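Trainee: Residue numbering for the sequence shown follows my numbering, beginning at 1 and increasing consecutively.
Don't take each hint at face value.
In silico lysine to aspartate or glutamate, EDC-like type, Cα no more than 20 Å apart, as pairs [said to hold, decoys possible]:
(1) Lys45 with Glu99
(2) Lys45 with Glu85
(3) Lys45 with Glu63
(4) Lys100 with Glu23
(5) Lys100 with Asp39
Pairwise CB distance ranges, derived in the manner of DEER restraints [what the hints assert, rightly or not]:
(6) Val90 with Met1: 20 to 26 Å
(7) Ser59 with Asn20: 29 to 35 Å
(8) Phe104 with Asp39: 18 to 24 Å
(9) Arg18 with Asp39: 33 to 39 Å
(10) Lys45 with Leu4: 19 to 25 Å
(11) Glu109 with Ala37: 33 to 39 Å
(12) Asn20 with Gly46: 36 to 42 Å
(13) Leu4 with Glu109: 17 to 23 Å
(14) Pro111 with Val84: 16 to 22 Å
(15) Glu109 with Val41: 29 to 35 Å
(16) Leu115 with Val30: 17 to 23 Å
It is worth saying that the hints were derived from the structure and are not from the lab. The structure presented is a predicted model; accordingly, all values stated were derived computationally and were not measured. Just so you know, even glycine gets a beta-carbon here, dropped at the ideal spot from N, CA and C.
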Amino acid sequence: MSPLDTLTLLGRLAPFDRLNGDERLSVASVLRERHYAADSVVQPKGEAWPHLLILVGGSWQAEGSPLPPLLGVASVLGADDSAVEVRAGVEGVHCLMLEKGHFFTMANECPNVLLGLLSLADGDNEMERGFK
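Working from the sequences, and respecting the hints, build out all of it.
Mentor: If you want it as structure tokens, here you go:
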């Protein structure tokens, strides 16, 4: 994925859409690409999420239901969201990963992301809308 593609994706996805160009660039610089084969385990049940995952392509699901494009929000904010196993959909998953350690640096440098994640975790349905 090119840096421009990453910046474009972040600009379309809450809460990263709240950031200016320099802030998005800062976030993009610490993201790592991950790929999961069809029906493979993305996050095992009962294990804490060590990162945020941002969907680029494909799909993911839990207990047969599709999930939003941003996963791991509750965990990086300190809550337990390990109750279900997350699996890649039939076409697999292409995603970007933000390690939990980078999250705290990002929250310090880009407080709008933290505010956006808090609103997602608070259930304002922004996460359900996903991409703009």
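Trainee: Does each hint fit the structure? Answer for all of them.
Mentor: Checked hints:
1. Lys45 with Glu99: Holds, at about 19 Å.
2. Lys45 with Glu85: Status holds; Cα separation ~4 Å.
3. Lys45 with Glu63: Measuring from Cα to Cα gives roughly 11 Å; hence the hint holds.
4. Lys100 with Glu23: Answer holds: Lys100 to Glu23 is near 17 Å, not above 20 Å.
5. Lys100 with Asp39: 25 Å, violated
6. Val90 with Met1: 20 to 26 Å: Distance hint for Val90, Met1 holds at roughly 21 Å.
7. Ser59 with Asn20: 29 to 35 Å: Given about 30 Å between the Cβ atoms, the range holds.
8. Phe104 with Asp39: 18 to 24 Å: 33 Å, violated
9. Arg18 with Asp39: 33 to 39 Å: 34 Å, holds
10. Lys45 with Leu4: 19 to 25 Å: 36 Å, violated
11. Glu109 with Ala37: 33 to 39 Å: Taking Cβ atoms as reference, Glu109 and Ala37 lie about 34 Å apart, which means the hint holds.
12. Asn20 with Gly46: 36 to 42 Å: This hint holds: roughly 39 Å between Cβ atoms.
13. Leu4 with Glu109: 17 to 23 Å: Holds - the Cβ-Cβ distance for Leu4 and Glu109, about 21 Å, lies within 17 to 23 Å.
14. Pro111 with Val84: 16 to 22 Å: 30 Å, violated
15. Glu109 with Val41: 29 to 35 Å: 32 Å, holds
16. Leu115 with Val30: 17 to 23 Å: Between Leu115 and Val30, where Cβ atoms are some 19 Å apart, the hint holds.
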